[in-house]
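**Q** Can you build the whole structure from these sequences, using the hints too?
If you're matching them up, the sequences are chains X and B in order.
Residue 22 in our numbering is what sits at position 22 of the first sequence, and the numbering runs on without skipping anything.
To convert, take the position in the second sequence, counting from 1, and add 1000; that gives our numbering.
Just so you know, these hints were derived from the structure itself, not from any lab.
Cβ coordinates follow ideal geometry from the N, Cα and C atoms, glycine included.
One or more hints might be untrue.
Cut-off 20 Å, straight-line C-alpha distance, at most; resulting in silico cross-link-like pairs (DMTMM-like, lysine to aspartate or glutamate) [stated by the list, open to error]:
1) Lys-1158(B) with Glu-273(X)
2) Lys-1235(B) with Glu-1215(B)
3) Lys-1221(B) with Glu-101(X)
4) Lys-99(X) with Asp-185(X)
5) Lys-1221(B) with Asp-100(X)
6) Lys-1158(B) with Glu-271(X)
7) Lys-295(X) with Glu-184(X)
8) Lys-295(X) with Asp-185(X)
9) Lys-99(X) with Glu-187(X)
10) Lys-295(X) with Glu-271(X)
11) Lys-1158(B) with Glu-1266(B)
12) Lys-295(X) with Glu-249(X)
Here are a few chain B residues that face chain X, going by a calculated C-beta distance under 8 Å [what the hints assert, rightly or not]:
13) Phe-1041
14) Thr-1054
15) Phe-1132
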Amino acid sequence: MTLNFAVLALLDGIAYASLLFLVAVGLTLIFGVLGILNIAHGSLYAIGAYVAATLGQWLVANGYNPWLTFPALFAGATIVGIVLGGLLERLLLQRIYAKDEILQLLVTFAVFMILENLQRMIWGVQPYFMSTPLNLLGNVSFFGINYTAYQVLFLPAAAIVVLFALRHFLRHTSMGAQILAVTEDREAATSIGINATRVYFMTFVIGACFAALGGALATPTTSLVTGMGANMIVLSFAVAATAGLGQIEGAAISALMIGIARAFAVYLSPELEVIMPYLIMVLVLLIKPNGLFGKVTARKI
Amino acid sequence: MSKEFLTAIPDGAAGTTADGSLPVRQERRGNVLMNKEFLAFIAVAALLAAVPFTFGSSITFIAMCLAKGLAVLGILILLRAGQVSFGHAMYFAIGAYAAAFLSSAFRGIDMMVLVAAAILASGVAGAIVGVFVTRYRGIFFGMINLAFSMVFYSILEKAFHITGGSDGMRIRRPTLLGMELRRAEFDVAIYYVILVFALLSVWLVWRYLRSPMGEALRAVKSNETRLEYVGLSAKSVLLGGYIASAVLCGLGGVFMGMVQGLATPEHAFWTRSSELVFIAVLGGPAHVAGAFGGTVLFEAVRTYAAALLDDSWQLILGVTLILIILWAPGGMVELFRRFTGRNRVKTVTSGEAGR
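**A** So this is what it looks like as structure tokens:
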């Protein structure tokens, strides 16, 4: 492997890790606060991508300024996160907070099935593609390697902004403090006047927005196909579990780890590419069952 | 079973006297129920055995339902311990691929050898993976199983020079106990083989869940600490159940593979695993009958919903699952009991009925 390949793999890995992080951070945030592992998170990712692509294609087809596709990506993600995420929490999840975690898992799996089906009904099985933002930003050069600026600059920047914005939100705003308080002890938080129902709702919507944003930002880099949600939920779980469920900064690090390992596998032994994330997750969990950064919780025994 | 049937008679007589205290009556109710269930079991077995003579065209559908039902039965065992695995389709695929490899390596191999190989392969795989995954509970148990199955799925898909990639592998029609069978004969023969294995498995799982090991499995769900104080290791109790469930999934896989004549990586994909869990919950975890009832309903919706409303089976099943979890967490078994007024028995014996 030459230096060129190493740089190329590294850039690939960083671009991929940025998207992984966006989706995984939503998953881990929802799990950390609500205690629900949301399998429908993968569908939110896919639907965010489809909505952003549809919006972008519409803008381009109607002769609007192509730069408008950038806000369209964010607008699409926000709409999906708020509408779909909001409806899900209000209509369904609120009814199951008291239930067994296995049943919660199954309910979100049922939602996943429904959303997959709806997505096929609305957008069909033809691949979608909307690369306008990718083309607009052009290429940049790193150590003689040409790479699209969208993937190596814009995506990591978006991921970093999300990471720091979320940190700031949780640690330095009133709503964030309320979320942390409810996570720590829902009952005690309620008794001092925090509206836990609202905190759950907000958290779920924010997490859903991140999933949809991951999908929307992935749109220009890949063609949208059915089954992308099913793959992403497993991958983002691998990232979140490797870091330790509920770990936000940890998710960033493990997304980078998994993203870069996968990219190097593509160049070194392509057969391992798909296996890499799961391999890392299984290895980490065998040694550290709570993930790399997870806190040790009291065992049942 | 017959022994309990005999003890039920004096109990029944004692129930008429004044000293029939609550525990005795519980016992009696339990046994009458057992007896009824045994009769129902025989009746269903007889009905299924008659299918090739009455509804010959549907034997392939029923054979596939029974094969899948075997796998669901495996999931049911884990549900008894309060655990769900989102990766058991892996053992299903192991069963199918074991048959595929053997039938392509040895021409004219016997069906029983394929079945034995599938049991062995899935059992060994279950034991190895089980040693690791039984350290975890709840979401992690489910998702680590998922990770293992996805590794396996990716290997099946990527190593196409060995496994045929995403096209999968053909499973040649095996002989049965040395007999060469033509297509139509084979369909009937494999139907009966699957039926026999399904009935046998139902009986064995029933016995297993009623045995001390099966009781201990329930304790993994309710109170592991107590289980350890009794002197049993929760981990090995769960491992036993895990291997049993892996073998049942392997059996389901080898039968499904032989009916379809094909083993594909799709068998191992995580959504397949979730389908198995889905069916177990749909059917109801409280009773072995739920596994097969749920499978028939699931497959029927999947097959016939397509005719009603184009490409909507996931939608219909997803909504059904949510309705079941919200309003009938016991699944079809509970609905059946409500319908026949048996839930009183269920509450009297606090869920002991129909183990």
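**Q** Quick one, are Lys-1158(B) and Glu-273(X) close enough, alpha carbons at most 20 Å?
**A** holds (10 Å)
**Q** Given the hinted pair Lys-295(X) and Glu-249(X), is their Cα-Cα distance within 20 Å?
**A** Holds, at about 13 Å.
**Q** Lys-295(X) and Asp-185(X) were given as a pair; does the straight-line alpha-carbon distance stay at or below 20 Å?
**A** holds (16 Å)
**Q** Verify the proposed pairing of Lys-1221(B) with Glu-101(X), using a straight-line Cα cut of 20 Å.
**A** Between Lys-1221(B) and Glu-101(X) the Cα gap is close to 12 Å, so the pair holds against 20 Å.
**Q** Below or equal to 20 Å on CA atoms is what counts here, so check Lys-1158(B) against Glu-271(X).
**A** holds (6 Å)
**Q** Would you check the hint for Lys-295(X) and Glu-271(X), treating anything up to 20 Å between C-alpha atoms as holding?
**A** With Cα atoms ~34 Å apart, Lys-295(X) and Glu-271(X) exceed 20 Å; violated.
**Q** Regarding the pair Lys-1221(B) and Asp-100(X), is the alpha-carbon distance no greater than 20 Å?
**A** The hint holds at about 11 Å.
**Q** For the restraint on Phe-1132(B), tell me whether the closest CB of chain X is nearer than 8 Å.
**A** holds (6 Å)
**Q** Tell me if the straight-line CA distance from Lys-1158(B) to Glu-1266(B) falls inside 20 Å.
**A** Within the cut-off at roughly 13 Å; holds.
**Q** Please verify whether Lys-99(X) and Asp-185(X) have alpha carbons no more than 20 Å apart.
**A** holds (18 Å)
**Q** Hey, does the Thr-1054(B) contact hint survive, CB to chain X under 8 Å?
**A** Nearest chain X Cβ about 34 Å off; hint violated.
**Q** Is the hint on Phe-1041(B) kept, meaning its closest Cβ partner in chain X is under 8 Å away?
**A** With a minimum Cβ separation of about 28 Å from chain X (threshold 8 Å), the hint on Phe-1041(B) is violated.
In summary, the numbered hints that this structure violates are 10, 13, 14.
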